[in-house]
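K.L.:
Quick note, the sequences are listed as chains A and B, same order. Numbered by the numbering used here, the letters in the first sequence go through residues 1 to 581 in order. Numbered by the numbering used here, the letters in the second sequence go through residues 582 to 1162 in order.
Because the hints were derived from the structure by calculation, they are not lab data. Since this is a predicted model, take the numbers as computed values, not measurements. Some clues are possibly wrong.
Unchecked claim - Examples of chain B residues lying across from chain A (beta carbon under 8 Å, computed):
(1) Lys665
(2) Glu668
(3) Lys778
(4) Val779
(5) Trp786
(6) Thr787
(7) His812
(8) Leu818
(9) Gly819
(10) Asp846
(11) His857
(12) Arg864
(13) Pro866
(14) Arg896
(15) Arg898
As the list claims (entries may be wrong) - Listed below are the simulated SDA-like cross-link pairs for lysine to any residue, each with C-alpha atoms no more than 20 Å apart in a straight line:
(16) Lys764/B / Val418/A
(17) Lys952/B / Leu934/B
(18) Lys284/A / Met1113/B
(19) Lys200/A / Glu964/B
(20) Lys226/A / Glu1091/B
(21) Lys645/B / Ile600/B
(22) Lys197/A / Ala839/B
Even for Gly, the Cβ is constructed at its ideal location relative to N, Cα and C.
The primary structure of each chain is shown beneath.
Protein chains: 2
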Amino acid sequence: MENNKLHDIRHSLAHLLAIAVLKHDPRAKLAIGPVIDNGFYYDFLLSKPISETDLPELEKEMRKLIEAKLDFIGAERPKAEVLKMFEDQPFKCELIEDLSKEGSKLTTYTTGDFTDLCRGGHVKNTSEIPVDAFRIERTAGAYWRGDEKNQMLTRIYGLAFESKEKLDEYVAMREEAEKRDHKKLGRELDLFIIDEKVGKGLPLWTPKGTAVKFELEKFARELERKYDYEHVSTPYLGGEELYRTSGHLDHYTHSMYAPIDMDGDKFYLRPMACPHHIRLYQRKPWSYKDLPVRYAEIADYNRYEKSGELMGMIRVRKFQLTDGHIFVTPEGLKEEFKRVCNMIVEGMKGLGLLDIVSYRFSKRDPENKEKYFPDDDLWNHAEGLMKEALDELGLPYITALDEAAFYGPKLDVQAKNVHGKEDTLFTAQMDFLLPQKFEIEYVDADGQKKRPVMIHRSTIGSLERVFAFLIEHCAGAFPTWLAPTQVAIVPVSEKFMDYASEIYNKLKAEDVRVELDSSNETLGKKIRNNKMMKTPYLIVIGAKEVEAGTITAESRDKGQIKDLKIEDFVVMIKEEVAGRR
Amino acid sequence: MENNKLHDIRHSLAHLLAIAVLKHDPRAKLAIGPVIDNGFYYDFLLSKPISETDLPELEKEMRKLIEAKLDFIGAERPKAEVLKMFEDQPFKCELIEDLSKEGSKLTTYTTGDFTDLCRGGHVKNTSEIPVDAFRIERTAGAYWRGDEKNQMLTRIYGLAFESKEKLDEYVAMREEAEKRDHKKLGRELDLFIIDEKVGKGLPLWTPKGTAVKFELEKFARELERKYDYEHVSTPYLGGEELYRTSGHLDHYTHSMYAPIDMDGDKFYLRPMACPHHIRLYQRKPWSYKDLPVRYAEIADYNRYEKSGELMGMIRVRKFQLTDGHIFVTPEGLKEEFKRVCNMIVEGMKGLGLLDIVSYRFSKRDPENKEKYFPDDDLWNHAEGLMKEALDELGLPYITALDEAAFYGPKLDVQAKNVHGKEDTLFTAQMDFLLPQKFEIEYVDADGQKKRPVMIHRSTIGSLERVFAFLIEHCAGAFPTWLAPTQVAIVPVSEKFMDYASEIYNKLKAEDVRVELDSSNETLGKKIRNNKMMKTPYLIVIGAKEVEAGTITAESRDKGQIKDLKIEDFVVMIKEEVAGRR
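Could you put the whole structure together from the sequences, leaning on the hints where they help?
P.N.:
The following block contains the structure:
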């Protein structure tokens, strides 16, 4: 089925919904009824309320209309006539006035006794609408024209697809996505909280969340060390002159918070750490032999976000980016950029995210240059180099125009979330501009002072965002190395507590993240609780284990492992963790 | 020699300095000449400049005056007479006016031909002044009465002690302290920078400094895990309501920065993390069986400091505290506090700081209660408990009145810096107040809701401050486990670079912090450079080593270790690091 056809079905269903609502409440006033990406809605000012329990009735009524095989008949009409037709419908009258002011034609669509003001896009006859591929699913409040100064209307949402199979598939996908939602799992698995008193957009990592965070930090730093980065540590504040020089105060203030006065000087919560790393670079002279100089930091960043745009760990006001800046000679740029790409792929693979990740080569729009640093030669050179690098690596990528940074092209690491929506996880960028602004230098083989190029890049993105993607991707069932609790010990009863404690202490001494369930719940309840927490291994301790001096481990992913010596279990789990499985 | 006698000598020397300066510049105007803790100074408005090279001449003149055995003769005089005597000395006239306004007596002291306005405190005769125990050491600018709106004067400083031995001892101590100064060593050993563009009071840790920082973090976290803390991670910002509830906005604003607006809400750079940890505690209900709950975090803190009070890594505007908060039942408080003390002692021992650390039990001043949370019974109880805990541990401590926190008594871990000055490194505090303010609870064995007590405590203090103390204490020669570079490899010439690289890679693969010196310097220069950096081990690679397939390690602390296999060296250094030596 073509997209237009699906659009027409959804749009026609909106009209049928209006008919059904008018039958329920003949005095209802109609606002608008557009198509959305999973169906349609219609906004009404009702004279008697509609509750969720009324929805099946509306659906039934709509099915009758479908089975009645009604035509959709469009007609263009003069303003006076349309105003007359909708004299009882104040919202429609408002729309009619607006449309005529714009000089638009006025069209109506009639289905049986019902006529709506509508620009069209409908099926010819209701018989074209699959009778089992839609569902009226919920109501919500909505202001007329989205403006909170206007009247509050009732919005009724419907899902609609080409077939029952497609509808069922969508509903199942959405249920799964809801189950995997990182905000929901974050609460259920006790990974993080967002607390109104601490502040919106400022998550707090609980002990379990922090355990995952530390593993992610360790992972990023090991990778960085392997790729010859040096770690640095710089403050999340920066003086006015710093961000004046960098140009952030000219181009980036919309994402920055207002400055703070410190005894007469102005300081900003930093939006980026590049100027800090540049000032570190500038603390001493460098020779071409020292380059590339690679600085990495899990850096605190702050971004201005409106309350309404905050979202769990995905969009926050303060985050920690696995950040890094490379100072490289122009001659070394391409090879170094390839090295960065290899590192990124290795990182995504290590985290098990390769499946949901894709790469976007973001270029300047040559038709719309004013948004970009003005130097055609430099842009052509940089984009050419980046293309060569990507092609030589054989990295599969798409090209996107007008998505570059102000100062250069970039590679965006894109990830799809469980709702199918794509987000940028992090980027790698070439930058010829900041080195100029800060006048950074190295001494070349010929003894001349030259200007290095910078690469801005992240290792695995912000800890917050990658954590959210990981939670959703594995539905909270983290691989053992990342799991907040790796082993839960469940004694069958109080009697076996001594042996259970012994096992607990042995595992803790080996740095295994282990919990001992000493609650008074029944065994069944204890096992269910720990399974709900998606712990990779449960060790149930009963008479048999105490007698034999062994354990039985219930693996979340691999079934039961019986009669194991604790020492062997330690070897097994440590191997798993070392291999980051 | 009594302190008074030393004071009189120093004061008398100030007069002799004035005589010497007047001989050099008869038109000089005299301001004041007080005693300071290592000698004295005198402020002059000179008509001809005095440079450092003139100082020996002044000293010589003063020695002559000492040998001339002149008397110091005091006299009380009427105002008119004194004004007349000092009619050429405008600063003295100003002082005379002020003194008479205060109703003070006016006294003068005469030595030979010279008379100064002076309240006294002198030797009877210059022969009492040891002729070889003072030194005129430097000049500096100083405003009359310390006010920058007034005239700039020349201040001449002198050192003076009871004997030549005491003077030499003081000078040697000061030289040593200057050599150990963490700001100086921080620069020389490339550990951190303070950059004017980034901002005063906001140090940046270089790669070498960050290596030490990571070791300190690891040390603190291991210790915290050993003592059953759970790690959490919370943002350095907090909403207005949070700090309203905690009382920080009533009692602590002088140390806080102005709030930042985030889309209509006010946020503060947090001065403390207790409210954040409390909100984490409050995310779920707790039973008495769960307590103590111990949260630890290397937490970002911000404190308002005036520019003039900033000092290297010791006093900064943003720091990271090895922070922690314990929620404990009132019954468990004493034992838990002892546990905290044991942990602190273990931490200071592990860092090798026991020698410079002492403990101060800081109590409320019962005569001056208005500064403190008003509840006598609670104070008596808390101070009693803390005393019992300290006494039971046998921890040597001094008691200090009026040094408690607003909300409870505390144990201050005091450390002496190389200049002999004592500073608080960190504290452990009992707190009954915040649990009330936030209404935090647990369910006791009897099913009743009760209020826990909080302990605020640090593990090893702020990373910045403890780093500064460590640098100064070991004069930059860090023990191997903390050393930014643990091994430097120095090939005798380019020829041995391959073997040197092989050794380098083997050490790097074992996570040893190793550097390969590939500079074009002479061998001697390379060795000197690496010794200046105080690297624990130098490995010099020449023909002999390549031939034998061994290495020779030059230990900074233990002399030469010859003909070692690299594998044996790895075992040795890893043992050293694991043992934190």
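K.L.:
All hints are to be evaluated individually against the structure, with a verdict given for each.
P.N.:
A quick look at each hint next to the structure:
1. Lys665: Since the shortest Cβ distance to chain A is 46 Å, the answer is violated.
2. Glu668: Violated, because the Cβ-Cβ distance from Glu668/B to chain A comes to roughly 42 Å (cut-off 8 Å).
3. Lys778: OK, holds: Lys778/B within 8 Å of chain A, min 5 Å.
4. Val779: At 6 Å from the nearest chain A Cβ, Val779/B passes the 8 Å test, so the hint holds.
5. Trp786: Because about 4 Å separates Trp786/B from the closest Cβ in chain A, which is inside the 8 Å limit, the hint holds.
6. Thr787: holds, 6 Å
7. His812: Holds - the Cβ of His812/B comes within 8 Å of chain A, reaching about 5 Å at its closest.
8. Leu818: Cβ of Leu818/B sits 6 Å from chain A, so the hint holds.
9. Gly819: holds, 6 Å
10. Asp846: holds, 7 Å
11. His857: holds, 6 Å
12. Arg864: This hint holds: Arg864/B lies near chain A, its Cβ roughly 5 Å from the closest one there, short of 8 Å.
13. Pro866: violated, 13 Å
14. Arg896: violated, 13 Å
15. Arg898: holds, 6 Å
16. Lys764/B / Val418/A: violated, 51 Å
17. Lys952/B / Leu934/B: violated, 33 Å
18. Lys284/A / Met1113/B: Holds, at about 17 Å.
19. Lys200/A / Glu964/B: Violated - the C-alpha atoms of Glu964/B and Lys200/A are around 39 Å apart, more than 20 Å.
20. Lys226/A / Glu1091/B: Holds - the C-alpha atoms of Glu1091/B and Lys226/A are around 12 Å apart, at most 20 Å.
21. Lys645/B / Ile600/B: holds, 11 Å
22. Lys197/A / Ala839/B: Distance ~18 Å between Lys197/A and Ala839/B Cα, so the pair holds.
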